[in-house]
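**Q** These are the residues of each chain, in order.
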Amino acid sequence: MSEILRKLLDNGILQLGIWETVYMTFISAFFSYLVGLPLGVLICVTAKDGIRPIPWLNRILDVLVNIFRSIPFIILMVAVLPAAKLIVGTSLGNRAMIVTLVLAAIPYVARMAESSIKEVDKGVIEAAQSMGANEFSIITKVLIPEAKPALLVGAVISLVTILGYSAMAGTIGGGGLGMIAITYGYQRFNNEIVWICVALTIIIVQLIQEIGMHIARRTDKRTA
Amino acid sequence: MIELKNICKEFKTQKGSFTALRDVSLDINDGEIFGIIGLSGAGKSTLVRCINYLEKPTSGQVIIDGRELGALNKKELLKLRQNIGMIFQGFNLLEQRTVLKNICFPLEISGRSKADAQKRARELLELVGLSDKENAYPSQLSGGQKQRVAIARAMAPEPKYLLCDEATSALDPDTTRSILELMREINRKLGVTIVVITHEMKVIDTICDRVAVMDNSIVTEVGEVASVFAEPKSEIAKKLILPELKTVENITGGERIRLIYNGESSFTPLLSNIILSCGVPLNILHAETKDIYGKAYGEIILQLPEDSRSAARVKNYLNANNITYSVLEGGGKNVGNTSQAVG
Ligand SMILES: Nc1ncnc2c1ncn2[C@@H]1O[C@H](COP(=O)(O)OP(=O)(O)OP(=O)(O)O)[C@@H](O)[C@H]1O
Ligand SMILES: [Mg+2]
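From first to last, the protein sequence lines are chains S and A.
Mind the numbering: the first sequence is residues 1 to 224 in the working numbering, read in order.
Mind the numbering: the second sequence is residues 1 to 343 in the working numbering, read in order.
Please keep in mind that the hints were generated in silico from the structure rather than gathered at the bench.
Idealized CB from N, CA, C, for every residue including glycine.
It cannot be assumed that every hint is accurate.
Label pairs and their calculated CB-CB ranges [what the hints assert, rightly or not]:
1) G129/A with P55/S: 45 to 53 Å
2) I275/A with K122/S: 53 to 61 Å
3) I54/S with E76/A: 19 to 27 Å
4) I172/S with K79/A: 55 to 63 Å
5) P55/S with R122/A: 55 to 63 Å
So that you can see chain S by itself, here it is in the shape it has in the complex (with noise of 0.2 Å):
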């Protein structure tokens, strides 16, 4: 064992990081299914084939969404900061690194929200409609419910594409592993230290991801 992992072990940072990258994520992915949930709603409903079709609308939030994706998150993120700033007051540290990582997923999350609603079969939302169901309704009742194990799905690889983001936002003052990684190993010329940071994300991944497709496939009722 190095003598930087030792102090880092010591000192507590490693840990440090292990939970601010947990917490990052999740909280980001949070606030960014607040967002993008009723974003990738909003798109499925006003679709032309949607249960409201509102065509103009579709295609501003359709084109804003594909511009914020097709960003890279490194530029993305450096470009958001001064909004960082406008909502948290700092564009430095994990609140701030917060308010990016949201911005970034908020697209995403729109995307992967907009794919598992269109997979809803058009013959329920049909017979919701037959029913005298109004767009509240069916949005609450039927398109949100019966997508909700591939939302799940979608919820685990979210999780994991902001983990990815939170620890490049380690490069420009954000927490958590990635900054360890970059700091105490890139930095120092100790590629222990980078091991051990990319041992520990695998880990983590594998665990949102074990334990999330566990709750989906649990919560599928097709195949009870």
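Starting from the known structure of chain S, arrange chain A with the ligands on it as the hints suggest.
**A** For chain A with the ligands alone, kept in the frame of chain S given last:
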């Protein structure tokens, strides 16, 4: 009462517009089971979807109990739909909800309390004979059971009308029969007016009072099932009602005639009487009895002798005895299922 007045429906597609309904007018009376039959693509689903305005007609009026649907605002339309249940070929149950919750769905959206909804849902489960399945999920049910749940769900808000779009087309014959029986029971016991869409004559025979025959976006004939069955007038009706003729198309020989019987008489004395009194041999190409809305009907297709004198003698006998028959054209190879009804 459901009144359809000059309904037209055009679909705009990339390749231009397609007319799925052309000037369709129909009246569906309260308390009856009304069938709409036609081949695939005839426009049946489009027509039935116009009845509850899932599809808005391009022109024409849909009037339900005196209210024109086109004149209603959205809220009124949604309210009115609660009075028109609908079931589908694909069942369209909510896969993530239990049977009981599926049946509660239409009650939930109309704002009934949960306890109230569940009480009503259990009554319906009893009606459709699935009380032991209330906690099952649709994926755990057979097709027939799924359709029973769909019927229970459609009936939950106590609708006056029930629309059935190919509700039995995905089911085997036994299950089809049991679902049709259930539909008839709902019609008789609860007085629900039922509109049945199908491409199978058997479904029409079994439960419908009246039938409309559709072909190529238009209604070609409407009438009591028994009379349409006895004397189909349009090409398409003949094709749907006389499908068996395909199998005898290749038989050459004399003219073929179709006799229809109702339950009051029987074939045997008739056939022997014809043969004895006319002194001619007859070929039986096809014989069948059908249950049309609870009444037995017999259908028989005979081939007359090739020499025209013998054939004329048989026809005279039938005419003299007031027996309805129709001549199937082209005794031999050149069969178009055209027939002329002779009374
Ligand atoms: N939304 C639509 N856009 C374009 N064309 C349509 C649309 N819906 C139906 N059609 C066309 O209208 C015609 C009638 O369709 P419809 O579904 O009413 O037929 P159907 O009699 O119910 O047939 P099936 O027995 O196959 O269900 C078909 O040619 C179909 O392609
Ligand atoms: Mg159809």
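**Q** Now, for every hint given, state plainly whether the structure supports it.
**A** Taking the hints in turn, this is what the structure says about them:
1. G129/A with P55/S: 45 to 53 Å: Given range 45 to 53 Å: holds, Cβ gap about 47 Å.
2. I275/A with K122/S: 53 to 61 Å: holds, 58 Å
3. I54/S with E76/A: 19 to 27 Å: Distance hint for I54/S, E76/A holds at roughly 22 Å.
4. I172/S with K79/A: 55 to 63 Å: holds, 56 Å
5. P55/S with R122/A: 55 to 63 Å: For R122/A against P55/S, whose Cβ atoms are near 44 Å apart, the range 55 to 63 Å is violated.
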